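A.B. asks: Go ahead and model the full structure; you've got the sequences and the hints to work with.
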Amino acid sequence: AQSVTQPDIHITVSEGASLELRCNYSYGATPYLFWYVQSPGQGLQLLLKYFSGDTLVQGIKGFEAEFKRSQSSFNLRKPSVHWSDAAEYFCAVGARGGGNKLTFGTGTQLKVEL
Amino acid sequence: KAGVTQTPRYLIKTRGQQVTLSCSPISGHRSVSWYQQTPGQGLQFLFEYFSETQRNKGNFPGRFSGRQFSNSRSEMNVSTLELGDSALYLCASSPSGQGTSNEQFFGPGTRLTVL
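Same order as they appear, the protein sequences are chains A and B.
Just so you know, we're using the working numbering here: the first sequence kicks off at 1 and counts up by one.
Just so you know, we're using the working numbering here: the second sequence kicks off at 115 and counts up by one.
No wet-lab data here; the hints were simulated from the structure.
Check before you lean on any hint, since a few could be wrong.
[What the hints assert, rightly or not] Within a straight-line C-alpha distance of at most 25 Å, the following computed DSS-like cross-link-like pairs (lysine-lysine) qualify:
1) Lys49/A <-> Lys127/B
2) Lys68/A <-> Lys49/A
3) Lys171/B <-> Lys61/A
4) Lys49/A <-> Lys171/B
5) Lys111/A <-> Lys61/A
Fair warning: this is a prediction, and the values are worked out from it, not measured in the lab.
C.D. replies: Here is the structure:
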């Protein structure tokens with residue numbers, strides 16, 4: 001069975017500082033990997049995805065993530081955080097073939113200090 | 115294109131009642147998935163429908179059911195509501211056809227409160 005671990009429940013960074021959110025997954029083969037963001041009272045917005053190919057993927061809002069097969073990781077990064085980035089971030093893994101079923105991590109709540 | 119829409123946005127029910135939630139996917143998307151989000155359990159997959167057939171199912175009791183119509187709109191039903199069913203229910207749609215990606219687009223959710 002697939003699983004996702006986000007070790008950091010809360011992270012606080014200063015505006016303008018760099019950000020890295022950690023994500024480790026467990027899956028028997030190369031999975032589909034996603035990062036979503038959720039603002040209070042809202043649904044989930046897709047930031048970026050990895051399906052295959054280049055292991056460094058670019059997303060919206062200046063985010064990027066790197067797939068590292070050897071470490072089973074898919075960490076999300078942003079070089080300079082803006083106050084509007086404060087939200088909850090979810091890493092998710094999907095199985096190849098057999099439809100759409102995402103397994104989510106528990107999320108990381110990001111607070112941005114001005 | 116319009117995004118995924120869910121109705122109603124908020125719902126209050128009492129224990130023992132049943133509830134039906136509705137989801138309209140993005141035009142052209144054939145797959146609709148449902149997720150439950152609670153503070154304690156996080157985001158959990160309920161089920162997925164594709165071309166009116168349930169394609170995947172999560173680990174939820176039979177009180178949770180769903181269906182999909184020929185226009186890809188989907189409904190989920192929860193019977194005999196329990197306090198623990200209070201949650202944000204999210205619907206996601208995906209193109210999910212030959213040659214398309216499996217990325218899912220989420221609606222704003224329906225906030226269900228069971229009293």
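A.B. asks: Hint by hint, note whether the structure agrees.
C.D. replies: Do the hints match the structure? See the list:
no.: 1; hint: Lys49/A <-> Lys127/B; verdict: violated (37 Å)
no.: 2; hint: Lys68/A <-> Lys49/A; verdict: holds (14 Å)
no.: 3; hint: Lys171/B <-> Lys61/A; verdict: violated (33 Å)
no.: 4; hint: Lys49/A <-> Lys171/B; verdict: holds (23 Å)
no.: 5; hint: Lys111/A <-> Lys61/A; verdict: holds (16 Å)
In this structure, the earlier hints numbered 1 and 3 are contradicted, and the remaining ones agree with it.
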